[in-house]
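Novice: Got chain X sorted already, so can you dock chains L, V and Y onto it with the hints?
There are 4 protein chains.
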Amino acid sequence: MIRATVWNEFVEEKIYPSVSSVYPDGIHVVLAQALGDELAQEVQVRTAVMQDDEHGLTDDVLAATDVLLWWSHLENDAVSDEIVARVQRRVHQGMGLLILHSAILSKVAKTLLGTSNDATGWRHGDKEHLWTILPTHPIAAGVPNPVVIPQQEMYGEPIDIPTPDELVFISNFEGGEVLRSGCAYLRGQGRIFFFAPGHEEYPVYFQPEIRRILGNAVRWAAAGLPAPARPTRTGEYPASGG
Amino acid sequence: MIRATVWNEFVEEKIYPSVSSVYPDGIHVVLAQALGDELAQEVQVRTAVMQDDEHGLTDDVLAATDVLLWWSHLENDAVSDEIVARVQRRVHQGMGLLILHSAILSKVAKTLLGTSNDATGWRHGDKEHLWTILPTHPIAAGVPNPVVIPQQEMYGEPIDIPTPDELVFISNFEGGEVLRSGCAYLRGQGRIFFFAPGHEEYPVYFQPEIRRILGNAVRWAAAGLPAPARPTRTGEYPASGG
Amino acid sequence: MIRATVWNEFVEEKIYPSVSSVYPDGIHVVLAQALGDELAQEVQVRTAVMQDDEHGLTDDVLAATDVLLWWSHLENDAVSDEIVARVQRRVHQGMGLLILHSAILSKVAKTLLGTSNDATGWRHGDKEHLWTILPTHPIAAGVPNPVVIPQQEMYGEPIDIPTPDELVFISNFEGGEVLRSGCAYLRGQGRIFFFAPGHEEYPVYFQPEIRRILGNAVRWAAAGLPAPARPTRTGEYPASGG
Amino acid sequence: MIRATVWNEFVEEKIYPSVSSVYPDGIHVVLAQALGDELAQEVQVRTAVMQDDEHGLTDDVLAATDVLLWWSHLENDAVSDEIVARVQRRVHQGMGLLILHSAILSKVAKTLLGTSNDATGWRHGDKEHLWTILPTHPIAAGVPNPVVIPQQEMYGEPIDIPTPDELVFISNFEGGEVLRSGCAYLRGQGRIFFFAPGHEEYPVYFQPEIRRILGNAVRWAAAGLPAPARPTRTGEYPASGG
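Going line by line, the protein sequences match chains X, L, V and Y. Start counting the first sequence at 2; every next residue gets the next number (my numbering). Start counting the second sequence at 2; every next residue gets the next number (my numbering). Start counting the third sequence at 2; every next residue gets the next number (my numbering). Start counting the fourth sequence at 2; every next residue gets the next number (my numbering).
Incorrect hints may have been included.
In this list, chains with the same sequence are indistinguishable; a pair is considered to hold if it fits within one copy or across any two.
Simulated crosslink set (SDA-like; lysine to any residue; CA at most 25 Å straight-line) [what the hints assert, rightly or not]:
{"hint": "1", "residue 1": "K111", "residue 2": "N77"}
{"hint": "2", "residue 1": "K128", "residue 2": "L75"}
{"hint": "3", "residue 1": "K108", "residue 2": "V62"}
{"hint": "4", "residue 1": "K128", "residue 2": "E175"}
{"hint": "5", "residue 1": "K111", "residue 2": "M2"}
{"hint": "6", "residue 1": "K128", "residue 2": "D82"}
Keep in mind the hints are simulated off the structure, nothing from the lab. None of these values were measured; they are calculated from a predicted model.
Isolated chain X, as found in the complex:
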């Protein structure tokens, strides 16, 4: 049983009709449903939003989370540094993390990757072709190649991220841009997946192929747990080992 927590800043859904018409109850609710549909008995999902106490990410919640999904945009800079540090520590211990769309610019993403994560250019309403580069990667299992997303927000290369440990997807935008749109990283014991699709004004997270990818990614990210015991030796090396 994978324990997933979907975190959403939950702001635009309450102020922009173009967003609330797509995600009236919040992006987190749709993401939670997607995981339930995809993973069924394999997963137990809870949600948390920025307005909750401690952003809903108490020590207890994180300790009971195997994979955290993170969606944020307008409030990227307003998230508490203490919560960011807490999430980072938990990822180092083995919690999986999915960084969704504009959350690549969140403090959580920047702190774990060490880069600015700035992309080059953006534009609304582009058609995106998402191509699988590593067809045998577990996150690509059963995913058609390409996935066509009729309307999406373009972020383009160069994007200032570290070279991924595994580059799973690359996207084409009809304006001529490309993006490394599915990037896997290992940080500490934790598996991190940046997945670029998911603009808040388009029903991207309702698309079956996208839901398949999200489900695969949660399963993949959970596989870092339970964290294998690290050797706890300090100081002198035991005679039996040397």
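Specialist: Here is chains L, V and Y on its own, set in the frame of chain X:
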């Protein structure tokens, strides 16, 4: 059910007492037993040796093999080019491959990696400490860190291999050398793992921690199968996709 | 002084008007001129074609070559295995290699990479946007981002190549495809660069930005030479080192 | 002309005789001399220490620094967060950074890599063999293989760092441990090199082979500068590019 085939050149066991005293029935038999012990119902193992017709690797055998283990040394250059090409094609289609010890200098290994695979220096009878570098990698699951191999043959760095897609183990030898001793590669749909321990004069493949690694590696390498369907488009791109 | 050799199969220029109208004297001549223009006094260029004795790649020629540029297409499978092995050995010793366009399917490229190198789909006459992913890579120095190629032949992902050691360029095609179009590999002491643009019916190698990339790539690939001395120790490790 | 700044916390040299006997004027002074000796006219070196105003790393100093060398240990956690953020920004813009020995646990290193950087075990007085894994890497140019360091402090694997973009050196310690002791990373436009040797009680930075590596690394890290212009497009993509 993983279908594993253990291939051995099976020469030294018949001519050198220092080898037959450790592996009287051949290294392949001990490797097959190790997999049976580790993976039990998960695996079905067969063996093949160089002296068999077509080296025991007919099209039928390879088609029914999910993971091939390859041990060779003296006869590295005598293996038929046709069989090498057949193994390479099957790896590209998704068959897993474990390259064991001196088989890093086999034609199969050189053909799939594109390098000479020459190491620097060698010496018998060294104590080896095998360290897990990626504690969350499936091949390292449940493996103590380090594994101490009381007697092993040293091959040292620099070794002329491509940078691994994943570097799982690094070894220390008491003469002062190091070796990237557990290296994972993806070639086509196939997962390849080079595992350096296993000199024929020492009972390395009887050691429980080594058997655990072999079992883990077979399970990991099998996960490339069944090969996902590749798009078969040629020529014009279908209108529906563009 | 970099000694570059441009190799071309030199077939289509003699039989297809659509090719000879662009490259009347052969692609190799234009590539040689491009290097001369870009690198001036830094380079000394010779050319060789398939119809020459030993394909023009004698031991003497290769020994006097720091960087080899390879263009081929129709004759990919007709190149002599002996010459392929000779080129591979020389790359292992430190000669740089540029694999141009359809030469990704040459025996030289397949032998050094270990993969089938098959791409998915192809189409003529597409506009290509070539994006720099690693802006600080020497091959991208002074290259505008993106480079727009008005007409090019599309090869698309997934392409069955090893994960590059460095991914420098990714291309967008207007039909919706993407391609890892600038991929750097280290094999032995040799630096290899696969550069996808360059279809024989379009004047791609006349384009200033493309020439800049070719010049940069030759300079980068030459930096693997002279091959540093490899330690020549065999057998026992010297007492002073242990 | 490379402008290098050597930064040192400069604490142990003033309180421990075992350190001041090796580095009476501070490690920074010896590192500065090493660079001067190795790079001569190529480099202009200044030093800065923690006790200086703004730790000696004002905006002006950093703006005039092409490569920053960072040595720290006891005061790793006491460095000002503001200075750490300033260094990170400057690295993103293209300044090179050498992370020396225990500075792998500095805030600067953790912030740029995103990991805890904890190693496993430590011990004083070990003999270290430092092996070049990538003989053609510029940082290894002219470096004997191996370099033997008679006395060094051991930090061992597993060490919780991201998989390096390039793994240049691996070390063997006589107690049986290994360490990825020379690791190259690209973060933003900046080149980062973690080099593990350099314990404060041993004259490691006086050793000619180590000085050669430091000089090579400074030259390599400076090559990320001047930062190539990033495209400054925002919003709509220009018609000429699409």
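Novice: Could you run down the list of hints and mark each one as holding or not?
Specialist: Hint check:
{"no.": "1", "hint": "K111 to N77", "in the structure": "both (10 Å within a copy, 21 Å between copies)"}
{"no.": "2", "hint": "K128 to L75", "in the structure": "within (23 Å within a copy, 36 Å between copies)"}
{"no.": "3", "hint": "K108 to V62", "in the structure": "within (19 Å within a copy, 27 Å between copies)"}
{"no.": "4", "hint": "K128 to E175", "in the structure": "both (6 Å within a copy, 11 Å between copies)"}
{"no.": "5", "hint": "K111 to M2", "in the structure": "neither (29 Å within a copy, 33 Å between copies)"}
{"no.": "6", "hint": "K128 to D82", "in the structure": "neither (36 Å within a copy, 42 Å between copies)"}
The structure does not agree with the numbered hints 5, 6 stated previously, though it agrees with the rest.
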